[in-house]
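K.L.:
Please build the complete structure, drawing on both the sequences and the hints.
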Amino acid sequence: LVLNDNMWDDGNSLGPKEVHSYLTRVMYNRRNKFNPLWNSLVLGGVKNGEKYLGTVNMIGVHYQDNHVATGFGNHLAVPILRDEWKEDLSFEDGVRLLEKCMRVLLYRDRSAVNKLQIAKITDAGVEISPPYSLKTFWDFGAFKNPTASAEGSW
1 LVLNDNMWDD
11 GNSLGPKEVH
21 SYLTRVMYNR
31 RNKFNPLWNS
41 LVLGGVKNGE
51 KYLGTVNMIG
61 VHYQDNHVAT
71 GFGNHLAVPI
81 LRDEWKEDLS
91 FEDGVRLLEK
101 CMRVLLYRDR
111 SAVNKLQIAK
121 ITDAGVEISP
131 PYSLKTFWDF
141 GAFKNPTASA
151 EGSW
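At position 75 of the sequence shown the residue is numbered 75 (UniProt numbering), and the sequence of numbers has no breaks.
Since the hints were derived computationally from the structure, they do not count as laboratory data. A few of these clues could be false.
Claimed, not checked - Cross-link-like lysine-lysine pairs, in silico, DSSO-like; alpha carbons within 27 Å at most:
1. 100 to 135
2. 135 to 17
3. 86 to 100
4. 100 to 33
5. 86 to 33
6. 86 to 47
7. 51 to 33
8. 86 to 51
9. 33 to 47
10. 144 to 120
11. 33 to 120
12. 120 to 135
A quick note: this is a predicted structure, and the numbers were derived from the prediction, not measured.
P.N.:
Pasting the structure below:
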């Protein structure tokens with residue numbers, strides 16, 4: 001897509017909004033052919049000083065917002081983000097908020113991996129942090145023996 005755009009050499013370039021629109025149509029088209037791409041995509045970028053963040057799922061449902069999530073995060077992380085996100089949030093506070101969301105998701109799905117990377121998108125470009133692990137605490141009694149007070153045949 002970007003290569004084709006550059007080949008026109010008309011002085012215009014695709015920004016994140018245009019790429020998001022294209023990906024939405026691709027995902028919706030594949031859904032209509034009963035051959036969906038089994039992905040949820042998050043697209044972020046900056047063009048002409050304007051920030052953009054959007055998401056599209058495997059059936060072409062899309063939206064843009066100041067914060068987006070996919071999968072299980074759509075149910076558990078987005079409410080936290082809606083409550084605690086502010087326009088003037090510093091980068092460090094934003095990372096702490098994301099770590100809080102990821103920790104909640106990790107505690108609800110123990111099969112998940114506790115490693116993550118943070119990407120920062122600015123006019124100057126993209127910075128991606130090295131992978132790191134979240135600090136977690138698994139010594140709660142309910143975590144040690146989850147079936148202790150459960151009724152059933154097990």
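K.L.:
State for each hint whether it applies.
P.N.:
Consistency of the hints with the structure:
no. : hint       : in the structure
1   : 100 to 135 : 10 Å, holds
2   : 135 to 17  : 35 Å, violated
3   : 86 to 100  : 15 Å, holds
4   : 100 to 33  : 39 Å, violated
5   : 86 to 33   : 40 Å, violated
6   : 86 to 47   : 22 Å, holds
7   : 51 to 33   : 33 Å, violated
8   : 86 to 51   : 15 Å, holds
9   : 33 to 47   : 33 Å, violated
10  : 144 to 120 : 37 Å, violated
11  : 33 to 120  : 36 Å, violated
12  : 120 to 135 : 21 Å, holds
Checked against the numbered hints listed earlier, the structure breaks hints 2, 4, 5, 7, 9, 10, 11; every other hint is satisfied.
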